[in-house]
Amino acid sequence: MICYRLHCAAGHEFEGWYRDSATFARLREGGLLSCPDCGSARVEQAPMAPAIVKGGRKPPASAPQQPEASVPVAAAGVAPQAQTVVPDAMLGAMRRVREAIEENCENVGRNFADEALRMHHGEAPQRGIYGDMTSSDRELLEDEGVEFHTVPWVRKADG
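So the sequence shown is residues 1 to 159, counted in the numbering used here.
Quick caveat, the hints were computed from the structure, so don't treat them as lab data. Certain hints may be false.
Dumping the calculated SDA-like pairs for lysine to any residue here, alpha-carbon to alpha-carbon at most 20 Å [said to hold, decoys possible]:
1) 156 / 101
2) 156 / 130
3) 156 / 12
All figures in this text were calculated on a predicted structure; none of them were measured in a lab.
Please work from the sequences and hints to get the whole structure.
In structure tokens, the structure reads:
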């Protein structure tokens with residue numbers, strides 16, 4: 001396995017593990033590499049200092065088996081049975097959705113259902129909100145005819 005330091009056209013830097021340099025070249029030429037932050041397919045090698053190994057070659061202690069873009073998908077309070085691998089482009093888009101929500105909406109936390117109901121009944125000003133709700137809160141909002149959407153909440157990009 002070989003670890004390359006990479007960067008995308010937007011300037012994000014990240015690592016990639018490949019069987020050998022030929023595998024990296026084949027994936028790059030085929031447009032099969034993408035930035036885990038923004039999803040850009042314009043990925044190039046970043047300058048790297050060579051690693052000098054003393055005492056012969058040793059395999060890496062633990063090369064990643066899957067990209068970090070593994071996101072567990074489960075209902076609230078239910079442990080996921082398996083992890084779903086999300087393509088980098090989709091993960092980048094989901095991160096941009098999260099950023100837009102955080103920049104343009106108010107986090108009302110556990111009061112989401114109450115605040116959505118107040119807005120629906122005209123008791124609070126109309127605005128974008130986000131937060132948490134229980135399954136009984138969900139049923140209440142649906143019964144009242146309150147429009148809301150559930151958005152996958154992916155973790156923020158590292159660094």
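Against the structure, the hints come out as follows:
Using a Cα cut-off of 20 Å, the hinted pair residue 156 and residue 101 holds, with the two alpha carbons roughly 13 Å apart. This hinted pair checks out: residue 156 and residue 130 have alpha carbons roughly 16 Å apart, not beyond 20 Å. Distance restraint check for residue 156 and residue 12: the Cα-Cα separation of roughly 14 Å lies within the 20 Å cut-off, and the hinted pair is therefore satisfied.
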